[in-house]
Amino acid sequence: MAETTLTVATVNNGDMIRMQKMSGDFEQKHPGISLDWVTMEENILRQKVTTDIATKGGQYDIMTIGNYEVRIWAKQGWLVPLDDLGDDYDAADIMPAIREGLTYEGTLYAAPFYGESSMVMYRTDLFEAAGLTMPEDPTWAFIGEAARALTDTENEVYGICLRGKAGWGENMAFITSLGHSMGARWFDMDWQPQFDQPIWTDTLQFYVDLMTDAGPPGASTNGFNENLALFQSGKCAMWIDATVAASFVTDPKESQVADSVGFALAPHGGTDKHGSWLWSWNLAVPASTEHADAAKAFIAWATSKDYTTMVAEVDGWANVPPGTRTSLYENPEYREAAAFADMTLRSINAADQADPTVDPVPYIGGQWVGIPEFQGLGTAVGQQFSAALAGRVSVDQALENAQRFTEREMKKGGYIE
Amino acid sequence: MARTVSTQRKAAVTVLAWVIGLLIFFPILWTVLTSFKTEGEAIANPPSFLFFDWTMENYTEVQERSNYLRHVVNSVAISFGSTLIGLIIAVPAAWAMAFSPTKRTKGILMWMLSTKMLPAVGVLMPIYLIFRDLGLLDTLIALIIVMTMVNLPIMVWMLYTYFKEIPADILEAARMDGAGLRQEIVYVLAPMAVPGIASTCLLNIILAWNEAFWSLNLTAASAAPLTAFIASYSSPEGLFWAKLSAASTMAIAPILVLGWFSQRQLVRGLTFGAVK
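Protein chains in written order, with this note's numbering: chain A, 1138 to 1554; chain B, 7 to 282.
By construction, these hints were calculated from the structure, which means they are not laboratory data.
A portion of the hints provided could be inaccurate.
To spell it out: a stretch of chain A is covered by chain B in this simulated footprint if at least three of its residues, at any positions, have a beta carbon under 8 Å from a beta carbon of chain B; those stretches are [as the list claims (entries may be wrong)]:
(1) 1232 to 1242
(2) 1254 to 1267
(3) 1421 to 1429
(4) 1443 to 1451
(5) 1464 to 1478
Just a few of them, taken from the derived set where beta-carbon distance is under 10 Å, the chain B residues facing chain A [unchecked claim]:
(6) ASN51
(7) SER54
(8) ASP59
(9) LEU130
(10) LEU222
(11) ALA234
(12) ALA237
(13) PRO242
(14) PHE246
Some chain B residues well away from chain A (every beta-carbon gap over 12 Å; in silico) [what the hints assert, rightly or not]:
(15) LEU39
(16) PHE55
(17) ARG71
(18) PRO98
(19) TRP101
(20) PHE105
(21) MET131
(22) ARG138
(23) LEU143
(24) LEU146
(25) LYS170
(26) LEU208
(27) LEU224
(28) PHE235
(29) LEU245
(30) LEU250
We treat Cβ as the ideally placed atom computed from N, Cα and C, and that holds for glycine.
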């Protein structure tokens, strides 16, 4: 049999690197297939795989893509359906919330490798010292009060760390879900931008005030990694971000506060909508590949229950890719090893991509809006909001600019007249 | 009367040169130091300069994860290949412009330079599609062609300024002595222009070695050079500075050694024609 080489484009995250290390097992089980890895930073990966798939470049046989892309690309006919990953694959075991985001017109177009939502990570020791108790399901009002009470600028401890760096996957992931949980929305049912509504003024003002009163200095340039570093070094009392961070902040090798971290659901604004997002990194096969069957065999291996067990045997249960299979959360060994397992599961279940807002919207998504234009829109609006946080523009001005820009782009895209 | 420079002024200039030199070198030094730290120490605030637990684990991990040697071979092939092809085109072009100028020579030179003002991303899609249709995506040939094109204006300009310094009378004398075009170039022009050609080559190799935009966009697995190797260590979720620094140190090491041994030619090439 001729040797088939699969080129795998993937993102430089811990779980993906582990997959690369484990992939010898796949090659051993499939003697005719070898793997070539292309690991990239998220933004470069997105740019390269989008260029490749849109032009049918055919450079990759397997792509790592987010749930934001899956439906948009499936609609374009750019992805190979993945409904036939083998009899023992057990696709029904994939968490319904995650599977829904990867399904277009009843067909699965990508297999989830790991999934995440957002939640509150907080310092139990600081809460105890201040006589505060974190509810399992906190409101934004409580978070605001607690953050201000816990801020101790003299000792460089800040009440809350949140994303401020501009970008559709940076500050806008947080602010969009914050807005959704407060009752704001990007568009009404006629695709009219809604940044001119009072609820957005309340939302953005709340965010800016909270970060001004209780956030670390220079927060407008902080993303996931900057906040991770701050939290791990004991400078944040609370951090609301991706659930995947839980394994980092509880790792004693990396975190100075590993033994005093608690978890709670992403806050809500008094409505039944939580500001929890839903993200998964998924493996998909571009329609331009010449090795679709071999690529599917790899995806079936990498996203199987057996892979999870193999990782657990080698690196321990705490290091298995989280957030994709229901059976993992029913596994007592995993629940014991990962203190954050229960809250991760609840956060993922609390996220509702199909109905993320209080009022109805024409889009799906939680921390993003599922239209191709959102990458550009989100980044441009994110720049305005980041500028408001930095104090370069007022909240009103930032919202006015966001509204004007979004209206123009939506007209250009043919959504509105 | 020769101008005398006071000792004080000399000392001041020396100190200033050292300060500027150290300032420029500091990011490289910091990268090398960071590569020996743990991820936690790499982002510690305040940072530690020398007193930390030195570790080689970043280098071990980079070696395990990436095929470093393949990236080095690709970088060498792209930078040396594009330099060689560039030289074959640029030497005759610069020779013609320096010794047989026409009224359009200056205009052509300026036009060539103006191509450097176009943002590379502006022509990404056409070039990407052309290479896709030619089946050249993720090949060394594609990168060599692009690097040659990208650096050709600089090569022609540098060689042109070099050749202009060579008195045309010498070439004319050679012609009067019966030298043909080939002999004129090989025996008269080339020996005098060797330092200029050498520094042009060195600069071109360094530029091609460090180029990131095209190498990131036109390669995947097979032809990816060291710039793509470095980029693979950046991460949006998780600490990466120590590993990224280790990868950067490994990527710049070969070109740093080359630059060290050829610094005299490099400096001469870069400053040539600056003072007239």
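Q. Counting residues of the segment 1443 to 1451 of chain A whose CB is closer than 8 Å to a CB in chain B, do you get three or more?
A. violated (count 0)
Q) Would you say ARG71 of chain B is clear of chain A, with no C-beta pair closer than or equal to 12 Å? A) violated (7 Å)
Q | Given coverage of the segment 1421 to 1429 of chain A by chain B, tested with a Cβ cutoff of 8 Å and a minimum of 3 residues | A | Answer violated; 0 residues pass the 8 Å Cβ test.
Q: Hey, is LEU146 of chain B genuinely clear of chain A, shortest beta carbon separation above 12 Å?
A: holds (15 Å)
Q: Could you check that no beta carbon of chain A comes within 12 Å of the beta carbon of LEU208 of chain B?
A: holds (29 Å)
Q. Checking the smallest CB distance to chain A, is LEU39 of chain B really beyond 12 Å?
A. holds (18 Å)
Q. Does the no-contact call for PHE105 of chain B survive, Cβ to all of chain A over 12 Å?
A. The assertion about PHE105 of chain B holds, with a minimum of 44 Å to chain A.
Q: Against chain A, run the beta carbon of ALA237 of chain B and see if the smallest gap drops under 10 Å.
A: holds (6 Å)
Q. Mind checking, does the segment 1232 to 1242 of chain A have 3 or more residues with a CB under 8 Å from chain B?
A. violated (count 0)
Q | Consistency of the no-contact label for LYS170 of chain B, given chain A and a CB cut of 12 Å | A | holds (42 Å)
Q: Say whether it holds or is violated: LEU224 of chain B keeps its Cβ farther than 12 Å from all Cβ of chain A.
A: violated (9 Å)
Q: Report holds or violated for the interface hint on PRO242 of chain B, using the least CB-CB distance to chain A and a cut-off of 10 Å.
A: Holds - the Cβ of PRO242 of chain B comes within 10 Å of chain A, reaching about 4 Å at its closest.
In terms of the numbered hints stated before, the structure departs from hints 1, 2, 3, 4, 5, 7, 8, 17, 21, 22, 23, 27, 28, 29 and 30, listed from lowest to highest.
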